[in-house]
Amino acid sequence: MVVCGDDGLAHRLAAELRGVYEEQVTLVVPPVQRTTRAPAVERARAVSAALLDRVVSAAVNRASGNGGGGGSGGEPGSRERTLTADEPSEVVLAEAGVAQAAALALVYEDDETNIRAALTARRINPRLRLVLRLYNWRLGQHIEELLDQTAALAAAADGTAGLGDASTIVLSDADTAAPALVASAVAGTTKVVQTEGLLLRAVDRPPPGPGQAADPGLATLALLSPTIDDPSGADGSETGGEHEPQLLPDAATVRAASGRGTVVLEQVSYSAPPASASAGLGRGVVPPFTSLFSRQLRLSLAGLAGCVLALAVALWLVTGIHPLGALYLTLLDLFAIDDPAIGASTERQVLQLLSGLVGLLLLPVLLAAVLEALGTFRSAAALRKPPRGMGGHVVLLGLGKIGTRVLKRLRELNIPVVCVESGPEARGLALARRLRVPVVLGDVTQEGVLEAAKIHRANALLAVTSSDTTNLEAVLYARALRPDLRVVLRLYDDDFSTAVFRTLRAAHPQALTRSRSVSHLAAPAFAGAMLGRQILGAIPVERRVLLFAAVRVADHPQLAGKTVAEAFRAGAWRVLALDPTGSCVPAGSGSAGARPESGTGAPEAGQGESGLVWNLPDTYVLGNEDRVVLAATRRGMAELLGRRTRRQGGV
1 MVVCGDDGLA HRLAAELRGV YEEQVTLVVP PVQRTTRAPA VERARAVSAA
51 LLDRVVSAAV NRASGNGGGG GSGGEPGSRE RTLTADEPSE VVLAEAGVAQ
101 AAALALVYED DETNIRAALT ARRINPRLRL VLRLYNWRLG QHIEELLDQT
151 AALAAAADGT AGLGDASTIV LSDADTAAPA LVASAVAGTT KVVQTEGLLL
201 RAVDRPPPGP GQAADPGLAT LALLSPTIDD PSGADGSETG GEHEPQLLPD
251 AATVRAASGR GTVVLEQVSY SAPPASASAG LGRGVVPPFT SLFSRQLRLS
301 LAGLAGCVLA LAVALWLVTG IHPLGALYLT LLDLFAIDDP AIGASTERQV
351 LQLLSGLVGL LLLPVLLAAV LEALGTFRSA AALRKPPRGM GGHVVLLGLG
401 KIGTRVLKRL RELNIPVVCV ESGPEARGLA LARRLRVPVV LGDVTQEGVL
451 EAAKIHRANA LLAVTSSDTT NLEAVLYARA LRPDLRVVLR LYDDDFSTAV
501 FRTLRAAHPQ ALTRSRSVSH LAAPAFAGAM LGRQILGAIP VERRVLLFAA
551 VRVADHPQLA GKTVAEAFRA GAWRVLALDP TGSCVPAGSG SAGARPESGT
601 GAPEAGQGES GLVWNLPDTY VLGNEDRVVL AATRRGMAEL LGRRTRRQGG
651 V
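Using my numbering, the letters of the sequence shown correspond one by one to residues 1 to 651.
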């Protein structure tokens, strides 16, 4: 495996492949002086083994980096080779061994760098599996098709059928982390998986009371550590305190675990995939009618309309003419059309004078309406300010790569948002302008900026800027203003994140605090893609990770021909649902076949909105034609994919 990148995701991904899947990894990174977060990167590399439940001193020494070659032996010290290069040129990729590699991950922060390197790597090795980190998902779709077509043509030229292991998977760390960050700010949980319209939501449930039975939901995914209410445990450490959480426990373990909270799969739904970004182009250019005029002007117009109607009714009653004729004469008087009511009754003359007076009042109101409309159209592309009475919203700090995806997700959920951004050139300002989301421009560390974002009436604060210290300072200042405020902050370094979480939890035990690392949430999905399976998503359980994947039973001897009960391995993997349509199976994992109707005891009930069949009976036999959605630990996924078995067999 070859991993090329310039930030913490590259180091996490290499540690994931090496520590969990026991792969031989070549890591290509820029020189230390070019790394913008050198101290944090070095700490992340030093603690990578601990993050993966592999506290092995040899792994730590290896992660600290030397330029030695990566041998093929099984000793830990030969599992990683580190190269330093300014950019992934053809020479660098060749030196990294791309020609012989099974997979290449390009996780630079710059899309252009990743695309250029992918094109070069595909030319060097047409059968290479490519995993690209791209923020522009529309461009990513075209690049994926282009690279796969190139591999297919190369295979045809060589006389081999199909792509073999060659495939291209485009992922975005921002898209992977955004649902978890939003769920943490809105619902206090990050246990959300969303992919291609499929939404899985897991929730934390407190320990049942005496004599009460725990509700397993659709499935019990984990037992939380007993120290969940202790600030030194829970989200503050990898093991959650004195006793670590148990992932995918069996029924007997759940029954015996008295006094421990659980994580259960509670909600499964399906919705149409989100519309493309192009569908929203032009939105917000023409503002809604109610936003053209101020509230005072709208009230003035309504009052004048009422006066005209009242005058028309009075003229109808006085003169007895048809109501439409009375309205017509009133409008003539209103617009000062020269038709004096000489010789008419006194009442008619008084009404004409009143109509003329109302007409004089109408002129300045119409002029104000025209000026306001012109100003509104002129400022339609400008940023809105938070309205005076706004409350119950989420304050989002930072509109960079992550913040933009979080903002889009919040608005899809119709959650009110106020954004805070330091500079006018931020990536997400165009989206905020199009969605007409209020934005406060200013340094969040300066006094008065959070107050302008109505932090005192907000429900939550989401700090996702690229600076750890800025996020921390903003959260501390917000907590000084609102001690009970729910806060979620993005922190790069896990050591720092652990210390911050414990301190904030101890200082404000009644307030919800969450600290998250985007690379921590994204690395499992990238690692799974490099191994030939696209992970549907991952949910954090305290400081550990549980993966969800869709696989074909025929590809895994651990599942084929076994009942659901026999295929379940506690602490490793668990079959959750049957996918009759194959809609959740990633591209390249095999053709979709029909679900067997006989001979395997196919279930008849339990099919949800998503098309998946849940609550499979333990006696249901998994056939080779079946496709299933399963939950797995990282080590369980490594064993299920069979990489270790193939290497041990000399393949």
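Please keep in mind that the hints were generated in silico from the structure rather than gathered at the bench.
These numbers were taken from a predicted model, which means no experiment stands behind them.
Honestly, I wouldn't trust all of these hints.
[What the hints assert, rightly or not] Here are the computed lysine-lysine pairs in the DSS-like style, where the Cα-Cα straight-line distance is at most 30 Å:
1) K401 - K454
2) K385 - K454
3) K385 - K408
4) K454 - K408
5) K401 - K385
Going back to the hint list, which numbers does this structure go against?
-> The structure breaks none of the hints.
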